[in-house]
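Number of protein chains: 2
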Amino acid sequence: RIKASGLKLRFCTNETQATREKFVKKLQGMGFDISVAEVAAPAPAACRILKERSLRPHLLVHNDLVPEFAEIDKANPNCVVIGDAAENFTYANLNEAFRVLIGMEKPVLISLGRGRYYKETDGLKLDVGAYMKALEYACDVQAEVVGKPAKMFFESALAEMGVPPQQAIMIGDDIVNDVGGAQRCGLRALQVRTGKYRPCDENHPHVKPDAYVNNLAEAVDIILQQL
Amino acid sequence: RIKASGLKLRFCTNETQATREKFVKKLQGMGFDISVAEVAAPAPAACRILKERSLRPHLLVHNDLVPEFAEIDKANPNCVVIGDAAENFTYANLNEAFRVLIGMEKPVLISLGRGRYYKETDGLKLDVGAYMKALEYACDVQAEVVGKPAKMFFESALAEMGVPPQQAIMIGDDIVNDVGGAQRCGLRALQVRTGKYRPCDENHPHVKPDAYVNNLAEAVDIILQQL
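Chains as they are written, first to last, in the working numbering: chain A, 794 to 1020; chain B, 794 to 1020.
Because the hints were derived from the structure by calculation, they are not lab data.
There's no promise every hint is true.
Covered stretches of chain A, as calculated for chain B (at least 3 residues, CB under 8 Å) [to be verified]:
id, region
1, 886-899
2, 990-1002
Computed beta-carbon distance windows for the label pairs [said to hold, decoys possible]:
id, chain 1, residue 1, chain 2, residue 2, range
3, A, I795, B, Y911, 53 to 63 Å
4, A, K801, B, V859, 54 to 64 Å
5, B, E937, A, K912, 20 to 30 Å
6, B, Q821, A, D933, 34 to 44 Å
7, B, P860, A, R892, 48 to 58 Å
8, B, L820, A, Q935, 36 to 46 Å
By construction, the Cβ of each residue, glycine as well, lies at the ideal position given by its N, Cα and C atoms.
Given these sequences and hints, build the entire structure.
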């Protein structure tokens, strides 16, 4: 319905353990009309930055994410890109990423997110943010974070669509990463009362959505009514 | 000569990749009159804290350091002790230490040092401080650091000797960890112009030794002259 109305659309995710292809297949299986070109994710956002600034990354990421960097020159690296590398977070790989960074006159560290930890079926796991902090401390550098809620991330999705922030609306279930991040970037933002939404979000000390909706369909209704 | 004069003596090291036994053997081989009981090192200092506070550690340390914790109850852990675990810094071991910490009502993390990195024959390696920062961030906790320059470390060496800080002198080559740490604890401190000493240390912005000596023998001369 959004697409049929002529509005532009992007799906913004912080997924960094798989390519957009894999992510899109999963959503198509759930019945969403979605294509890879409509997905904004940390890895392609990082690729845009790498190209703009002529950066050649040393990658410390999940094996399944590597194809996203296929077109990027990785010879003689002049920055490090870190994602949720999971099993690739070995002692040897961390030392190698560290050596690349510390060998630079001015180390550049790009992090695909800043999460602390997450839960999998076999228990809690340290997320990319923890390893980012380790490298930040060792190299006395501050990482540039790509992904929600980073301003740069929303800006690059807007740039792709050619839409200014005041003409865009974010719909999300995460009060801080979706709603707060988008608002700081000048977008309006709706919080859906589904997914990771919790009633206590409505008393959040810093972030107040422009409106609440009970689900995604209701958000679409409201947006189309205003056209 | 120090011992013959009747002065009390401790050797203070930040070594956490081997037991004191191994460390002492090395120094004996170099001709030093030294015994295990005269060595203050992070692991035995941590053991003292663990006993005092009835803490049962989950250990994330180098295999060669484990014997230092032989007498410590490690069942049903209520804190994590992290040292320079080197090859033991695996993804699985880091997640395990994290899970122990995050499962506590008030996580207790004890770190055997806060070094950023060090050099080995096969290149630079991340030191314990980097992994400490990763766990600190993931668990939103501040580690208690044992080892130079922590105040607690010097205090425990003084307590062992039964000597107040104003009657003790630190001799070391590290302007921050040896000299600065000891002075903050109320000791006087001499910097030797050997080892990791560099001429630019004499212009250090924050730390000024009580005196410089060209080597350890000269420090001993000066100290014995004042008796």
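Each hint, compared with the structure:
1. By the rule of at least three residues with a Cβ nearer than 8 Å to a Cβ of chain B, the coverage given for the region 886-899 of chain A holds, with 5 such residues.
2. A stretch counts as covered by a chain when three or more of its residues have a beta carbon under 8 Å from one of that chain; for the region 990-1002 of chain A and chain B the count is 0, and the coverage is violated.
3. Our hint of 53 to 63 Å for I795/A and Y911/B holds, since their Cβ atoms are close to 55 Å apart.
4. Between K801/A and V859/B the CB atoms are about 59 Å apart, so this pair conforms to the stated range of 54 to 64 Å.
5. Hint check: E937/B to K912/A, Cβ distance near 28 Å, so the stated range 20 to 30 Å holds.
6. In this structure the supplied range 34 to 44 Å holds for Q821/B paired with D933/A, their Cβ-Cβ distance being about 38 Å.
7. At roughly 31 Å, the beta carbons of P860/B and R892/A sit outside the given window of 48 to 58 Å.
8. In this structure the hint that L820/B and Q935/A lie 36 to 46 Å apart at CB holds, the actual value being about 41 Å.
Hints 2 and 7 from the list above are not met by this structure, while the remaining hints are.
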